[in-house]
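Peer 1: Listed below are the residues making up each chain.
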Amino acid sequence: MAAVDIPAKHDMAHGDDHDHDHEHHQSFIRKYIFSEDHKTIARQYLFSGIFWAFLGGALSLIFRLQLGFPKMDMTFLKPILGKWIQEGKLDPEFYLALVTMHGTIMVFFVLTAGLSGTFSNFLIPLQIGARDMASGFLNMLSYWFFFLSSVIMLTSLFIETGPAAGGWTVYPPLSALPQALNGSGMGMTMWLVAMAFFIVSSLLGSINYITTVINLRTRGMSFSRLPLTIWAFFLTAVIGVLSFPVLFSAALLLIFDRSFGTSFYLSEIYIGGEALHYVGGSPLLYQHLFWFLGHPEVYIVLLPALGITSEIIATNSRKPIFGYRAMIGSMMAITVLSFVVWAHHMFVSGLNPFLGSIFMFLTLIIAVPSAVKAFNYITTLWRGNIVFTTGMLFSIGLVSVFISGGLTGIALGNSAIDIQLHDTYFVVAHFHLVMGSASFFGLMAGVYHWFPKMFGRMMDDKLGAIHFWGTFIGVYLVFFPMHYMGIAGFPRRYYSFTGFEVWKELYLDLTGFITIAAGFTALFQVLFLYNFIHSIFRGRRAPQNPWRSNTLEWTAPINPGHGNWVGEIPSVYRWPYDYSKPGAKEDFIPQHIPLWETPESNLSHEIEPGAVGSGGEKVAMDRQGDIEAPTIVNNKEEKGRIDVADSDKKE
Amino acid sequence: MTSIILGVGVVLIVVILAMIFRVQSLISMVRGTPTTRETTSNKVNAVMWMVFLVLGTIGAVWSSIVAAEYFLPEASSPHGRKTDDLFWITMGITGAVFFATHVLLFYFPWRYQFRENRKASYYPDNNKLEVIWTVVPAIVLTLLVLSGWKVWRDITTEAPEDAVVVELIGQQFQWEIRYPGDKHAVIGKSRPELGAFDFRLIDANNIVGIDYTDENSFDDFMAREIHIPKNRPVLLKIRAKDVLHSVFLPHFRVKMDAVPGMPTNFWFVADKSTEEMRAELNNPEFNYELACTEVCGRGHFSMRKILIVEDEAEYNKWVAAQTPWLSRNRGYLSKVPDNLREKALRVIGPEEGPSSTDSVPAEDAASVPAPEAKKTVKMVSNPGASVEKPKTAQ
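Protein chains in written order, with my numbering: chain C, 32 to 682; chain B, -9 to 384.
No wet-lab data here; the hints were simulated from the structure. Since we're looking at a predicted model, the values are computed, not measured. We put the CB at the ideal spot given by N, CA and C, even for glycine. Treat each hint with caution, since some may be false.
Claimed, not checked - Straight-line distance between alpha carbons at most 30 Å, and here's what the computed BS3-like set of lysine-lysine pairs gives: (1) C:616 - B:33; (2) B:109 - C:493; (3) B:109 - C:535; (4) B:220 - C:535; (5) B:72 - C:535; (6) B:33 - C:493; (7) B:72 - B:118; (8) B:262 - C:616.
Said to hold, decoys possible - Short, incomplete list of chain B residues facing chain C, as computed with Cβ under 10 Å: (9) 14; (10) 61; (11) 92; (12) 113; (13) 117; (14) 140; (15) 144; (16) 203; (17) 231; (18) 277; (19) 305; (20) 308; (21) 310.
Stated by the list, open to error - Listing some non-contacts, in silico: residues in chain B with all C-beta distances to chain C over 10 Å: (22) 74; (23) 177; (24) 195; (25) 266; (26) 270.
Isolated chain C (complex conformation):
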């Protein structure tokens, strides 16, 4: 690994200079648009993600107006929505389109691309000590495929027949038959094409993340010293590589059914006054393929958020993350189990009930590693010395919504209970908390925490705190009451409930309340946007290590250039969670500080050569190799360190 990382000291120094010079000559287009620098690409993902988040949120506000105030005159939206407002009423089909696009945008464009795309790109090289991703070119392609996908998806919002409207899961036959739904015409075609490009983007990204984590770690950065963020991004990428191709095939078969007359998903359909030619297909096949991605996708959006949270909670509790190995183990268990629970979305789809039983068992198993993670977070807070940075606030908030939403999953994962709750607001409440809000909180925590590294300036922490508390309270006000509606049986994706005796009189004030709470929450996001943009240009200049964090990215220059570190990449001598170590002068010891510089705080197993634990063997060898400690800033002298590489290879 070291061989890839640093081929030879001589070339390295040379390379740096070269990089340095290069940067000045880079044209604007190569530097900011078609950039191969992982940090620029990360920022591109972040800006795109924020754009999509506001758009997706705005769509939800429109349909919340319809749900909360069904009698409302919506003529004032006519300038934006045009013919989708008829006589002051929202078109019921456009309502479905809004729901569909809100889901698609939030799940894929915000919480997959915006979260993973931003932080995997930004943090993997910086935290493992690499100059860039394994392939900067593929990384650039990844962003621009995503951009292309975004353009197509965005365009579909404006076409005459409207965007896809069959729900974000776009189940056929509804999504396959334009005669069944306007949105299943051109809008659906664009949805599929956009998703195909999105998948290409995601795969290029994931392959890069995996390769980089495996091959480009700096000296001493063994897997057992990786920050949990990197573990999370790594496992997320593994899930993505294994599951997104299945969605691709699902989409491809759907394209065939729609355009080339095949019958993969369609069978025995009579619509619009004629019997169609399709026979032998199965709509359930699509559901299986979709959820084979769809469920891992939940973890694709959630794991990076959990990784970010682990890092931030440890840093700001000034305490090692509790159960580092258990955390990794849980994430690995989640990674594996996420592939064997998909059919719990299909308990009442006509699936064989025996399979239903199997998937119920598997589903509830996955609750165990999730519970372990939650307990570990809480224990990390215990007897900490907690600094409430905005990132920390969002991280604790994440743990809260993760628990709240996760617990209702235990009810839903039970197929007998799911009969009543399936496709009701209970499900909506569940996944908006555990997946939507938790990942969103992770995204926000990450933005606040790594903003100084991204832009060299600090975001305002008072505005941040207001943003957090408004969002945290708002999210609970919106989603907590939805459980009540779900328990009362309210089906999701309903334009209105007035048609049914059982629901039409119920919770009229509650639906309005939820809508108001959603608007309230949205206002605080505007505050975030202001803080974000303002701080990029006018924020306080960031110090070298604003959160006194141990991870490697804070050893890079405040505004890292292309190549991240000037001169040599620091080596790593310890795990990333040496916070408040007994005997240490400060309450943190960064990863690049060698053990021999901290004799006062070393634990017994850290000094004896050959001791098991956190790499005692390597420490001993490091010692022989490195007489001088590498410092944060470039250490120009050549040091014969090649021998260290051998010890690392054994890992």
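With chain C fixed as given, assemble chain B onto it according to the hints.
Peer 2: Relative to chain C, chain B alone:
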């Protein structure tokens, strides 16, 4: 007008907030970076967790007590009461965990907020604890799964042989209802059986595609609302004509997708008649309802049917009063194979006046003051016509 005022108000508030922020950030710039992390804002945030915990608990308890009135509409099936029990047991356990974890999660930040004179404990792991909180949830979950699995298994067993069969056919945007009829003895069968169907046989009148080459079809009749007997197993045979739909009977805890090309089913027992529920809920207007819970297009929210549970005697009377679809649509006798035509005529009896395509008896229609969904789907008195109506989606 109101919106303009609101808009101006919002803008003003934003401007004021921006000013406050500007002043505040200028002040903080003058003060410089704080030398301690034990700041006022750190204390405020620490206290906020406790405030949130207290107010949140009050809010959650109060609101769920208020909302509980409508939780899980009164169950009218034995299996429904079992799943309700499971649900409340699960909610009880998860609710306790929810509360306990949140108390800790919000108490710790307050209790262990930053103090300059304190150092956090270096406490990286404890295998015993990890094992405990792996094993305990695993055991609890196993118990929950096992109890759920037992109920699920019972619900999804094969329907008893004597179950009353009702066919529900989903289409955009209404349900069609077909019964096997009660003239099975005429064709020498011991039990009522639904006739075969084929989607290619669907036309403007035969809207569910009844196949008249099957003798079981002869006495099949269509209904405008679902009637089922009390305390007898009812087997719903479910299919869809166009896209996915889903049968949802909230009071019976019944839900099953309707899938084109793949008939599904769900059986249950209704043990409270409509009349009994009306008395129990003190609501003379009460009716059991059928809703669609799989998004199926524009009119998804309006796919409503009424379900009536009555005593077996009343039910039998109702069935006896229905006329086979074939006897009202004698033109379809031509679809019956020659060798079965005589049988068919025996089942449907002699012609009674002018043939009508209306499959719903008049007295039945009168007994239902059904406030059907108004929006896009009008109640169609002639179900055959619904196919010919141009759909909005086209």
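Peer 1: Now tell me if each hint is right for this structure.
Peer 2: Going through the hints against the structure:
At most 30 Å may separate the alpha-carbon atoms for a hinted pair to count; residue 616 of chain C and residue 33 of chain B meet this at roughly 25 Å. Proposed proximity of residue 109 of chain B and residue 493 of chain C is supported: the alpha carbons are some 25 Å apart, at most 30 Å. Between residue 109 of chain B and residue 535 of chain C the CA atoms are separated by roughly 57 Å; this puts the pair beyond 30 Å, and the hint is violated. Pair hint residue 220 of chain B plus residue 535 of chain C holds up; C-alpha atoms about 27 Å apart against a cutoff of 30 Å.
Proposed proximity of residue 72 of chain B and residue 535 of chain C is supported: the alpha carbons are some 27 Å apart, at most 30 Å. Between residue 33 of chain B and residue 493 of chain C the CA atoms are separated by roughly 13 Å; this keeps the pair inside 30 Å, and the hint holds. At roughly 37 Å between alpha-carbon atoms, residue 72 of chain B and residue 118 of chain B are farther apart than 30 Å, so this suggested pair is violated. For the hint pairing residue 262 of chain B with residue 616 of chain C, the CA-to-CA distance comes to about 74 Å; that exceeds 30 Å, so the pair is violated.
At a threshold of 10 Å, the smallest CB-CB gap from residue 14 of chain B to chain C is about 6 Å, leaving the interface hint in force. Taking 10 Å as the C-beta cut-off, the interface hint given for residue 61 of chain B holds, the closest approach to chain C being about 5 Å. Satisfaction of the interface hint for residue 92 of chain B is found here, the shortest Cβ-Cβ separation to chain C being roughly 7 Å, below the 10 Å cut-off. Nearest Cβ of chain C to the Cβ of residue 113 of chain B: about 7 Å, under the 10 Å cut. The hint holds.
Taking 10 Å as the C-beta contact cut-off toward chain C, the hint placing residue 117 of chain B at the interface holds, the least distance being around 8 Å. Nearest Cβ of chain C to the Cβ of residue 140 of chain B: about 8 Å, under the 10 Å cut. The hint holds. Hint on residue 144 of chain B holds. Least Cβ distance to chain C is approximately 9 Å, under the 10 Å limit. A distance limit of 10 Å between C-beta atoms decides the matter here; for residue 203 of chain B the minimum to chain C is near 17 Å, and the interface restraint is violated.
The beta carbon of residue 231 of chain B comes within 5 Å of a beta carbon in chain C, closer than 10 Å, and the hint placing it at the interface holds. Nearest Cβ of chain C to the Cβ of residue 277 of chain B: about 6 Å, under the 10 Å cut. The hint holds. Hint on residue 305 of chain B is violated. Least Cβ distance to chain C is approximately 22 Å, over the 10 Å limit. Taking 10 Å as the C-beta cut-off, the interface hint given for residue 308 of chain B is violated, the closest approach to chain C being about 21 Å.
Of the supplied interface hints, the one on residue 310 of chain B is violated, with its beta-carbon coming no nearer than about 29 Å to a beta-carbon of chain C, more than 10 Å. The non-interface label for residue 74 of chain B is inconsistent with chain C: the shortest C-beta to C-beta separation is roughly 8 Å, within 10 Å. For residue 177 of chain B, the shortest C-beta to C-beta distance to chain C comes to about 26 Å, beyond the 10 Å cut-off, and the non-interface label holds. Separation of residue 195 of chain B from chain C is adequate, the least Cβ-Cβ distance of about 12 Å exceeding the 10 Å criterion.
The beta carbon of residue 266 of chain B is kept farther than 10 Å from every beta carbon of chain C, the shortest such distance being approximately 17 Å. With 10 Å as the threshold on Cβ separation, the claim that residue 270 of chain B sits away from chain C holds: the shortest Cβ distance comes to roughly 14 Å.
Going down the numbered hints, you'll see the structure goes against 3, 7, 8, 16, 19, 20, 21 and 22, while the others check out.
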